[in-house]
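Engineer: In case you want the letters, here they are:
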Amino acid sequence: MSIAISPLIFLTGLIKNTIACIRIPFKEVIANRDLFIALLKRDFTNRTSGAGLGAFWLLAQPALQVVAFWFLLDVILRVRFPGNVSFLDYFLIGMIPWVCLSEVMQRSVRLYGEFAAIFKKTPFPLALLPILSITISVIIYTPIYIGVAFILYDWSVILPALLVMLIIFIWLIPVIYLFSVLGLFIRDFAQVIPFILTMSMYVTPILYMPQMVPEQYQFYLAYNPFADLIALFHSLVEQKQLPENAIIYRMFFEWLLLLAPAWWLFNRSKKHIREAV
Amino acid sequence: MVTIGLDGVYKHYHLYENNLQRFREIITGKAHGKLIKALEPVSLELKSGQVLGIIGNNGAGKSTLLKLIAQTSAPTGGNLQVNGRVAALLELGTGFHPELTGHENIYLYSSILGIKKQTMDELYDEVVDFSGIGNFIHQPVKTYSSGMFVRLAFSVATCVEPDILIIDEALSVGDGQFARKSFDRIMKFKESGKTILFCSHSMFHIEAICDKTIWLEKGRVKMEGSPDIVVNAYKMDIKALTSSLPELHKSTPAPMLDEEFHPVDHQEKDAEVPPNKNLASFEKIRVFADNEEGKKLQIINNQTRLSVEASYYSDKSVAIAQLAVAIHDENDHIITSVCTLMDDVELHRDENGLTHVKLDYPKIALLKGRYYLGVYLMCERCIMVYEDAIRFAELNVQQSGRELGVVSLPHHWS
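Order-wise, the sequence lines are chains E and Y.
Numbering of the first sequence is given in my numbering, commencing with residue 1 and proceeding in unit increments.
Numbering of the second sequence is given in my numbering, commencing with residue 1 and proceeding in unit increments.
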């Protein structure tokens, strides 16, 4: 197979797809706002229907997960952080955004299968689903995160906490468009993602501080995009400032570079999605 | 106004064993699987108020064409223009989510069609009333019977005032009163100038409802034109003058000759079924050859008088049902048929809802052979069948001469 694409065409395509990946999802949401709202409501109902305690589970599930880790690491193993940093404070500020991120990513690989009944035989705008799945989780976790941050610190963390959730929302856009398509067409991808996410949680400084990583392995943190994200969250909420420039640049460029391939792939897959589910 | 325009629109796709192979096509742009030419280039123009019938055998590309127009499938090439809101009844419960209640599905489906919530709020009661779902509307649709599913889907799709209505084999929605209501609604759509695309195996319906018909074969348009010409050519092609009336029959098995036909006692029936469920039904049918009544009758060509007497009940909420009588040969091909509507028969209904009709063939002109007589109760437009008695009587015809064929026509030599 010969790939003969002139650099100019490649560059134009790259820029076009990069812009489209940001512009079109929002355009679709605005154009189909009633549908979007109906689906958001449906998702809330789905998560709570049939359960006696209803909306309680929306909060209880992530909360219990957090409590279990706290119990294991703080109470049983008595993990102590350098510089008198409270384990619970550090843990919660990183863990809640992580639960949100991983929930959206886990769901994304099965997203089109989950909604097949609705879109398979209707002119449903397919670009709406990835952005919907991000929105729903961000909406659920934002009040939790703000509430927890406020309890741990004071009112001054409300804005940074909100910013963290906004960053999650934007960061996830290319990731979810990519994952939802890969998860649909490559079954192994859908199988391996939950495992990778679990592993990622352990190799990312969520349950421990980055300073606690042995020096010879510190280097690898730069290769873990989740480590940069978590570092950013801690900086914003705890110090109310941006982390070092290297982290910012890395994150931004990784995100920027992902936009074009994500949209290119989604766009090419669109006409196959209905037939593939 | 042109509502649907197709200019060389076609659909080819590749068949893959799994999604991974499909993914290779997405990445490389090169197809690997088996090429399926679902629809070859079609050019077509439909204006407001036109009803297009699409006929053809299974796999001819009918559903593909409808899906392209409904925009649930993208054409491989050509120019497709659809002006206006499309509501499609492509398959059972299209666009419904099983976990959601009927109420939620109404809003979800209408929002997929691009209808604002406020507009839907105004239409909601009408949708629910029309569907006749009642309190089930607040139950998840997975608990619905297939009839309820279709009723709700039909109700939503048609209450939202689409400009284009696509119906794939869904004309007889539900039974009894709902079938009647849905049929009336389709006819109202036609009268109010909506574009309707209608795909059916029922040639009788195609001829009765459509203004224009296309016949698809192996993904190509084999013929296009007025329904009577296209339908006739299609029937000739399948080498069987398929009888139109019996194919309408779906719900109750036909009373055969060896089975006794027992008309239902209406007082008893009314106690069992909800009122208006059966909008019309036979009370009694009698067939006579000269004065001899029976189910196996001996007929002499051009001599015997054949009479059919029918008493039937029709609900007062609808117009008096029309009666049709057809004579079939042994292969169920219709030899001849008559209908009270076509013959402008003035029908009367008594206070109990009963109508009595008598049909006479003074000298029946059938040539020798075995024939069957079927009796049908139909709506006032003679499109929907309320009840039928297929092969109600057997006619054994004898003749003195040696003419060949099935019927002797009035003629003279000079």
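Rather than coming from a laboratory, the hints here were simulated on the basis of the structure.
Don't take every hint at face value.
Stated by the list, open to error - Under the rule of at most 27 angstroms between Cα atoms (straight-line distance), these lysine-lysine pairs were calculated in the DSS-like manner:
id, chain 1, residue 1, chain 2, residue 2
1, E, Lys-120, Y, Lys-37
2, Y, Lys-316, E, Lys-271
3, Y, Lys-37, Y, Lys-188
4, E, Lys-16, E, Lys-27
Engineer: Now tell me, hint by hint, if it's right for this structure.
Structural biologist: We went through each hint and held it up to the structure:
1. E:Lys-120 <-> Y:Lys-37: Roughly 21 angstroms between the alpha carbons, so the hint for Lys-120 of chain E and Lys-37 of chain Y holds.
2. Y:Lys-316 <-> E:Lys-271: violated, 51 angstroms
3. Y:Lys-37 <-> Y:Lys-188: violated, 36 angstroms
4. E:Lys-16 <-> E:Lys-27: Roughly 15 angstroms separates the two Cα atoms, so the pair holds.
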